[in-house]
Amino acid sequence: MKGPEQAFELLVKEYKSTIYSICYMFAQNKAEADDLFQEALINLWQGSCGFRGESSLKSWVYRVTLNTCISYKRKKKITTVDIDIAPDAFSEESAEGRQTRMLHDRISQLGPMDRAIILLWLENMPYDEIGAIVGMNAKAIGVRLVRIKEKLKKISNPE
Amino acid sequence: MDELNEMRLQMAAMKQSLDKSQIISKKLLAKVMGSKASLLNKIVIGEVVLLPVIFLIILGICYACKSTLWVAWVFLIIGGADTILDFWTIRIGPKKLNSYSMLELKKFIVKQKKVRRLQAVIAVVVMIPWLLWTYYEWCHLNIFFTTLDETLRWTILFIVGISVVVAIVVVILIMKKLDSINDDMVADIDEFTE
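For the record, the sequence lines run as chains X and H. Each residue of the first sequence is one higher than the last, beginning at 1 in our numbering. Each residue of the second sequence is one higher than the last, beginning at 1 in our numbering.
By construction, these hints were calculated from the structure, which means they are not laboratory data. It cannot be assumed that every hint is accurate.
As the list claims (entries may be wrong) - No farther apart than 27 Å at their CA atoms in a straight line, the calculated lysine-lysine pairs in the DSSO-like style are these:
hint	chain 1	residue 1	chain 2	residue 2
1	X	K13	H	K15
2	X	K30	H	K27
3	X	K13	H	K31
4	X	K30	H	K114
5	H	K15	X	K154
6	H	K114	H	K177
The whole structure should be built from the sequences, with the hints applied where relevant.
Spelled out as structure tokens, the structure:
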């Protein structure tokens with residue numbers, strides 16, 4: 001295998017769960033998450049030659065994946081390759097699957113921007129790095145996160 | 001902040017379970033690396049391929065009708081300018097996905113939709129006089145056409161008319177498809193500013 005292909009394979013192996021979890025949180029179901037995942041990989045592959053290391057590799061992967069989720073065309077079905085995922089992760093019968101579903105249900109009630117910010121925050125990313133990815137300053141991220149946390153509290157405890 | 005800690009744990013558990021999964025197969029990687037362009041890019045590439053073909057057809061008709069070749073050249077100029085503009089108004093290249101923040105991407109898509117509408121209006125305004133001019137050159141000034149039997153003349157005009165209508169319908173359908181793609185994106189983006 002040639003250099004760029006090998007480097008890309010290593011990159012997706014390293015970040016596959018990060019990329020898939022973002023796609024899943026932006027999708028309405030697993031089939032759509034599979035589509036988004038494949039589209040994100042295509043955009044990462046096509047953009048990988050232009051990556052100049054101005055931001056960290058992790059930030060770049062998040063940026064491309066989130067931008068893909070935002071600009072994704074829902075009506076277009078693109079997945080042609082089966083994506084093999086541990087069934088427990090998404091099965092309603094397993095405790096693991098129920099936890100994932102619960103997380104998805106909470107996050108999917110937020111708007112796309114809030115969804116992106118909370119996903120990055122859940123990954124323990126600092127405010128300035130979150131800001132660089134979504135296009136806001138660190139202070140604005142802090143304010144926004146307070147609002148998101150309040151929203152999530154209301155979602156968890158509706159009364 | 002119990003909910004948030006719970007969410008962090010749920011996220012970590014999900015990622016752990018995904019780490020154990022295969023997800024990336026050789027087949028998927030081959031498909032990803034072999035992919036050339038998205039639907040939006042394909043539309044622009046299709047235009048680039050189609051433009052010289054239509055130009056040659058028009059040029060051929062001009063030769064056959066012994067009419068001015070400017071009809072074909074003006075078409076090429078209008079079509080060429082429109083295609084060049086489409087690179088900005090239709091495509092979302094990987095470079096933009098690569099370097100734009102989410103808010104920058106939002107602004108770009110909204111602007112793209114607005115500019116495309118303006119582009120469509122200008123294209124219609126420019127194409128109507130071109131069509132009338134072409135009709136005048138090919139049908140009115142053409143000695144061969146004016147000496148034809150009236151039924152044949154009307155048959156030719158009918159076929160040309162149908163072709164123009166079909167072309168317009170195809171363009172409208174493509175525009176509608178592009179708009180629906182952008183509308184989906186804008187609907188998501190609108191939530192940004194809530």
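Right, here's what the structure says about each hint:
Taking the CA atoms of X/K13 and H/K15, the gap is near 13 Å; set against the 27 Å cutoff, the hint holds. In summary, the hint linking X/K30 to H/K27 is supported, as the alpha carbons are separated by about 19 Å, within the 27 Å threshold. Note on X/K13 and H/K31: the hinted pairing holds, with a Cα-Cα distance of about 16 Å set against a maximum of 27 Å. Distance restraint check for X/K30 and H/K114: the Cα-Cα separation of roughly 33 Å exceeds the 27 Å cut-off, and the hinted pair is therefore not satisfied.
For the hint linking H/K15 to X/K154, the alpha-carbon distance of about 26 Å falls within 27 Å, and the restraint holds. A threshold of 27 Å between alpha carbons decides the hint, and for H/K114 with H/K177 the separation of about 15 Å falls inside it, so the pair holds.
The structure fails to meet hint 4 from the earlier list, while all remaining hints are met.
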